[in-house]
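Colleague: Below, each chain spelled out in residue letters.
2 protein chains.
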Amino acid sequence: MTPEQILLQELADTWHSTIPLSAFMQICPRRYDGIQFEVSAPLEPNINLHHTMFAGSIYTLMTLTGWGMLWLKQREAVVEGSIVLADANIRYHAPVTSAPLARVRWPGGDLSALAGGKRVKQSLTVELICGETLCASFSGLYVSLPGH
Amino acid sequence: MTPEQILLQELADTWHSTIPLSAFMQICPRRYDGIQFEVSAPLEPNINLHHTMFAGSIYTLMTLTGWGMLWLKQREAVVEGSIVLADANIRYHAPVTSAPLARVRWPGGDLSALAGGKRVKQSLTVELICGETLCASFSGLYVSLPGH
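Going line by line, the protein sequences match chains H and Y. Counting from 0, one number per residue, gives the positions in the first sequence under numbering that gives the first Met the number 0. Counting from 0, one number per residue, gives the positions in the second sequence under numbering that gives the first Met the number 0.
In isolation and in its complexed conformation, chain H is listed as follows (with noise of 0.2 Å):
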């Protein structure tokens, strides 16, 4: 395995183990090149009554992948923090009809304050796309808290 497989392996591990939501969902990371990370999740424990993507489902995939990528930036900068998320907006544009990649940009930000003991705030945006639908759009506010 790649060192990119190996934290993209334990950030799985961490998911599955300490949300069991995540497990259930069975959310995956996927990839991850230092700017962009992707995370995808099966449609059939995530339908609705419409046998689309339940929005709880597409909710919570989006804000993991959002969740992940502060972990892996905060991994690279050699920093800890917990992470919470304070705020979160989402639209949905387009019924979710297969397995669909959750995306996000690192825009940039800078993590250090939290080895001087204080806290970061992030916002990050995530796409959801399904083929080459865009179907939904969330945007959050996280925040990392120093230490565990």
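Since the hints were made in silico from the structure, they are not lab data. Keep in mind that the hints are not guaranteed to be accurate.
[What the hints assert, rightly or not] Covered by chain H, according to a simulated footprint, are these stretches of chain Y (three or more residues, beta-carbon under 8 Å):
| hint | stretch |
| --- | --- |
| 1 | 34-41 |
| 2 | 74-86 |
| 3 | 89-100 |
| 4 | 118-124 |
Glycine included, each C-beta is placed from N, C-alpha and C at the ideal position.
Following the hints, complete the assembly by docking chain Y onto the known chain H.
Modeller: Using the frame of chain H, we list chain Y on its own:
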């Protein structure tokens, strides 16, 4: 069982049989008096790595509470509509440390257009209470499409 209890049981069955995530989360409609609707979920299947309620679970519980209110109101008005969430906003105020209650009040709204084959839009505000603390606020725009 009272007519209200029968209706809430039918709503719970609908959720659990068509949305696997709602069954995993053990989401349970609690009380409905025609104006206010309350829904609960236990903490255990919904924890995060801080051992409080996971942000995705909080959102999902609140989303379904709003959805359920519209479903109940459609039943009362004897109209049929397929309810979807268009967009939503959530603010997390405090960690949820024990089983919370999500609560929505019907703000008034006319669903009769559904009988005429027209869609209905309805904004709903949901609060999440834990003990006496307001832990999260949600507002969502729901759209109901005529027919099943």
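Colleague: Hint by hint, say whether it matches the structure.
Modeller: Hints, verified against the model:
Beta-carbon proximity to chain H at under 8 Å applies to 0 residues in the stretch 34-41 of chain Y; the threshold of 3 is not reached and the given coverage is violated. Requiring three or more residues with a Cβ within less than 8 Å of a Cβ of chain H, the coverage given for the stretch 74-86 of chain Y holds, as 5 such residues are present. Counting residues of the stretch 89-100 of chain Y whose CB lies closer than 8 Å to any CB of chain H gives 3, which reaches the minimum of 3, so the coverage claim holds. Counting residues of the stretch 118-124 of chain Y whose beta carbon lies closer than 8 Å to any beta carbon of chain H gives 0, which falls short of the minimum of three for the stated coverage.
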